[in-house]
Amino acid sequence: MRKGYILKESFKTWLGAIKEKFPLIAPVQDDGLTLFKEVEKVDDIVLDYGITRMPPKDLFFPQTEKMFRIKNKNNVAIELESPEKVTDELVLFGVHSCDLKSILALDPVFTTRFPDRYYQERRDKTYVIGLSCTKALPTCFCTAYGINPTDADGADVHLTELGDKYLVEVVTERGEKLAAAIPGIIFEDTTNLEAEKAKLTEKVKGEIKFIDLTGVKEVLDENFELPLWEKWAQKCLGCGICTYVCPTCHCFDINDFNRGDGVGERFRCWDSCMFSDFTRMAGGHNPRPTKKERVRNRFMHKLKYHLDRYNIVGCVGCGRCVQRCPENIDIRAIISDIKGGV
Amino acid sequence: MALENPLLPHIATITKVIDETPDVKTFQMVFDDPGVFDVFKQKPGQVAQISIFGVGEATISITSSPTRKGMLEFSIKKVGRLTSVIHQMEPGMKVGIRGPYGNHFPYEMMKGKDLLFIGGGIGLAPLRSLIDFVLAPENRQDYGKVEILYGARSSADLCFKYDLFDNWPRQPDTKVYVTIDRPEEGWDGHVGFVPAYLEELNPNPQNKVTITCGPPIMIKFVLQALEKMGYSEDQVVTTLELKMKCGIGKCGRCNIGSKFVCVDGPVFTLRELKKLPPEF
Amino acid sequence: MLKEKIKSTVTELLENKRIDFVIGYGAGSDAGTVRPAFVKSVEEVEQLIWSPFAVNNLAKFVMDHLYENIKIGVIVKGCDSRSVIRLVQDKVFPRENFYVIGVPCKGILDKNKVAKDFDLSGDLVDFTEQGDEVILKTSKGEFKLRKEDYLLDKCYRCETPTPVVYDVLLGEEVAPFRTDDYEDVKAIENLSVEEKSRYWDKQFEKCIRCYACRNVCSACNCRDCVFDMAEPNWVGKAANLSENTAFHLIRAWHVAGRCVDCGECSRVCPMGIPVNTLNRKMIKDMKELFAVETPGKNPEQGPVLGTFRTDDPEEFM
Numbered sequence: 001m002r003k004g005y006i007l008k009e010s011f012k013t014w015l016g017a018i019k020e021k022f023p024l025i026a027p028v029q030d031d032g033l034t035l036f037k038e039v040e041k042v043d044d045i046v047l048d049y050g051i052t053r054m055p056p057k058d059l060f061f062p063q064t065e066k067m068f069r070i071k072n073k074n075n076v077a078i079e080l081e082s083p084e085k086v087t088d089e090l091v092l093f094g095v096h097s098c099d100l101k102s103i104l105a106l107d108p109v110f111t112t113r114f115p116d117r118y119y120q121e122r123r124d125k126t127y128v129i130g131l132s133c134t135k136a137l138p139t140c141f142c143t144a145y146g147i148n149p150t151d152a153d154g155a156d157v158h159l160t161e162l163g164d165k166y167l168v169e170v171v172t173e174r175g176e177k178l179a180a181a182i183p184g185i186i187f188e189d190t191t192n193l194e195a196e197k198a199k200l201t202e203k204v205k206g207e208i209k210f211i212d213l214t215g216v217k218e219v220l221d222e223n224f225e226l227p228l229w230e231k232w233a234q235k236c237l238g239c240g241i242c243t244y245v246c247p248t249c250h251c252f253d254i255n256d257f258n259r260g261d262g263v264g265e266r267f268r269c270w271d272s273c274m275f276s277d278f279t280r281m282a283g284g285h286n287p288r289p290t291k292k293e294r295v296r297n298r299f300m301h302k303l304k305y306h307l308d309r310y311n312i313v314g315c316v317g318c319g320r321c322v323q324r325c326p327e328n329i330d331i332r333a334i335i336s337d338i339k340g341g342v
Numbered sequence: 001m002a003l004e005n006p007l008l009p010h011i012a013t014i015t016k017v018i019d020e021t022p023d024v025k026t027f028q029m030v031f032d033d034p035g036v037f038d039v040f041k042q043k044p045g046q047v048a049q050i051s052i053f054g055v056g057e058a059t060i061s062i063t064s065s066p067t068r069k070g071m072l073e074f075s076i077k078k079v080g081r082l083t084s085v086i087h088q089m090e091p092g093m094k095v096g097i098r099g100p101y102g103n104h105f106p107y108e109m110m111k112g113k114d115l116l117f118i119g120g121g122i123g124l125a126p127l128r129s130l131i132d133f134v135l136a137p138e139n140r141q142d143y144g145k146v147e148i149l150y151g152a153r154s155s156a157d158l159c160f161k162y163d164l165f166d167n168w169p170r171q172p173d174t175k176v177y178v179t180i181d182r183p184e185e186g187w188d189g190h191v192g193f194v195p196a197y198l199e200e201l202n203p204n205p206q207n208k209v210t211i212t213c214g215p216p217i218m219i220k221f222v223l224q225a226l227e228k229m230g231y232s233e234d235q236v237v238t239t240l241e242l243k244m245k246c247g248i249g250k251c252g253r254c255n256i257g258s259k260f261v262c263v264d265g266p267v268f269t270l271r272e273l274k275k276l277p278p279e280f
Numbered sequence: 001m002l003k004e005k006i007k008s009t010v011t012e013l014l015e016n017k018r019i020d021f022v023i024g025y026g027a028g029s030d031a032g033t034v035r036p037a038f039v040k041s042v043e044e045v046e047q048l049i050w051s052p053f054a055v056n057n058l059a060k061f062v063m064d065h066l067y068e069n070i071k072i073g074v075i076v077k078g079c080d081s082r083s084v085i086r087l088v089q090d091k092v093f094p095r096e097n098f099y100v101i102g103v104p105c106k107g108i109l110d111k112n113k114v115a116k117d118f119d120l121s122g123d124l125v126d127f128t129e130q131g132d133e134v135i136l137k138t139s140k141g142e143f144k145l146r147k148e149d150y151l152l153d154k155c156y157r158c159e160t161p162t163p164v165v166y167d168v169l170l171g172e173e174v175a176p177f178r179t180d181d182y183e184d185v186k187a188i189e190n191l192s193v194e195e196k197s198r199y200w201d202k203q204f205e206k207c208i209r210c211y212a213c214r215n216v217c218s219a220c221n222c223r224d225c226v227f228d229m230a231e232p233n234w235v236g237k238a239a240n241l242s243e244n245t246a247f248h249l250i251r252a253w254h255v256a257g258r259c260v261d262c263g264e265c266s267r268v269c270p271m272g273i274p275v276n277t278l279n280r281k282m283i284k285d286m287k288e289l290f291a292v293e294t295p296g297k298n299p300e301q302g303p304v305l306g307t308f309r310t311d312d313p314e315e316f317m
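Chains as they are written, first to last, in the UniProt record's numbering: chain E, 1 to 342; chain C, 1 to 280; chain D, 1 to 317.
Some clues are possibly wrong.
Derived lysine-lysine pairs resembling DSBU-like cross-links, with alpha carbons at most 35 Å apart [to be verified]:
(1) LYS291/E - LYS144/D
(2) LYS73/E - LYS259/C
(3) LYS292/E - LYS284/D
(4) LYS43/C - LYS78/C
(5) LYS196/D - LYS231/E
(6) LYS41/C - LYS259/C
The set of hints was computed from the structure by calculation and includes no laboratory data. Because the structure is a prediction, the values reported are computed rather than measured.
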């Protein structure tokens, strides 16, 4: 990994040069929400945000994605039109360490065994620039999963704000292309900067309430039935907020849109295991018939199933579900119940 | 070059529709591009996603044996939106097929063994892919005695009557037991539920593998009966049906614990099944 | 203290087996948040709290117990009590299966407003109210604030500070002391057609179709919701402006005349869509057209669009 620094005063010039070459997606303020959106002006980018309202997964796995166009003449003549190209190259800027990790957690779902063309192409064509956190929110708990709030893991280029400079870590080969957007703008010297980054890491980690996951997976491995599931499920509204704001939830539905004249499209869209009809079969049988099974499934997925399957965390401690759950169902409190044998 | 797209179906044409029961039809399909057969290569017990374009997709088990080349058969019960539409389709009409998905019946492990198939209702459809595979002349010598125990609500609800009463009984060392739930005028066969008939027949577990599929309640009692008769958990194979969308382990819908039925199933031995949470 | 009153009331109800369980408020993750608490035994009563941030409307949770021979205690504020009327009038949950524990309310604090000025990340240890001032004692410090500056928007227009229906009232009735001027609705009414269209397009574009607004809504009490149906597929699952607009407008019309204006739809929306403003426009129009009150405010008044009278003028026929 190559390291260097960029002066804050030339930082926006560098981003501007990148924006000249690629569409630039970055956190911006939009109607009161901080969201990853295509940037009109580099000045619109919010650099000191806590967490974006929605996770960056939408860039690789859009909420609604047209898969192919359908021309169906009375089921006798069928034409399917697959998009030549799913996306152009683009740059995703300003991703915090928890969200970077979440992309790594989604990768094995979509890119191994029957690689998903749509995700794969979006992933291949997106350059990711990470950004260290400089402060933590009360809902942050990335450290529970061994993630540091300044980790570069998952980024092509990673930035850390340190005084009048940004420490630049060029993590991947692809990152070199971005670093070279303006030759000479990144200075190779990193004297003191790495020590300063370590200091920042400790500072932000200190602001995060540490959630100790020791033993949690083991309890879940051994116990499918625990009273805590009913306790938490009765508070649940059965909405999809937690799954939609979650950076690692990947459930989707596939549907056809039909204009009525045989022309239409097949699309996929996010779906939620919290919805009552998610697993309900055409004949009416439902393997997860009540909120208890559904709530359990979601938290088991976060804390066990994803780990079992892909050997990578299914939760990154971003805290979005904690912030947004209308009834304050808090995964940190659930973890504590699991450990407490509730 | 665009990447391969596993979610894009192959176009196929319905070549024959067989009325099995008042709510089950069997559809013979042929890929419009014959080259697809070379890559499709299903194994007994696998499933496919059938598309009706503009309506959607449904997961259907492939009921024909891979030994029957150049076509695929799907037996479809009318239960929902898509299956109601497909029931109105006729030969010459086009659908989409993608797959094959899932694991398959462990036909290698079954070699040299006697096989007991236990099916109920539409549950015979996935079993039939293995029955016809085993009974195919090129494979028959690899397997021992074949017994098929099958039941439905009434005689009209029996699927694959041409197999049950004609094709299969004519095969060497093959026996077919058919039962219906309630007595019926003109029916001189067995009457009673499948699990009860199974206990009545009391088949000896020695060197035998059972393969069962049917409604959840039937499976439950069949599994209990088999355990009572002394079948070990490895001798009992079943195949599950869960709601699926992608078929390729991504959409998250068909999980039972950490397993996805679409890629890790649908075929499980009782030993494997018992390790899973009871969410099926 | 209200918290003590709640606990003693619930204890008595549980001890005398007059209710099967109670739905109340428990401590949340931070000082500004509460979490529904389901208390089934006297031992669990300790979980119950009262908080100046107790915004959640708990009435709809009874819907998890339809057709059960059960009596459920529910702690309701004035606004929430209208939801009880809704569920009873819609014959979703019978009045006799409710035990309504009413809490007279002078306004609930908006945690988002308070959090801008004070650190709410600790636990709420205690609070006291003196006149117009609230002192929040949290594990991160003690904060004194003027209530009037930090109320939920809906509280500034509350016309039913005392629950309209209750089996027991924990405290003195609070006489209505505010009126609803529908300023929020008027602000949008005053826009040009193009501006209105732009405004709502912007809002509906944000929708992620999580259905939290529907799931929290006491007027959304259908057994099978049209938005969950695949056949007929009135509204597609795709999240785009067209389908999202259909979703919100269908829902607004479906709850028109029944929406009790509890404001929960706007509160729970993760994308900040003012869902409730749509419903309030309907309420405002219906008040003007039919001289009715906010649904649920008057238990005698049925859903205005679901009421037929032979002397209706039928001007439109």
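Structure-based check of each hint:
no.	hint	result
1	LYS291/E - LYS144/D	40 Å, violated
2	LYS73/E - LYS259/C	39 Å, violated
3	LYS292/E - LYS284/D	39 Å, violated
4	LYS43/C - LYS78/C	25 Å, holds
5	LYS196/D - LYS231/E	44 Å, violated
6	LYS41/C - LYS259/C	24 Å, holds
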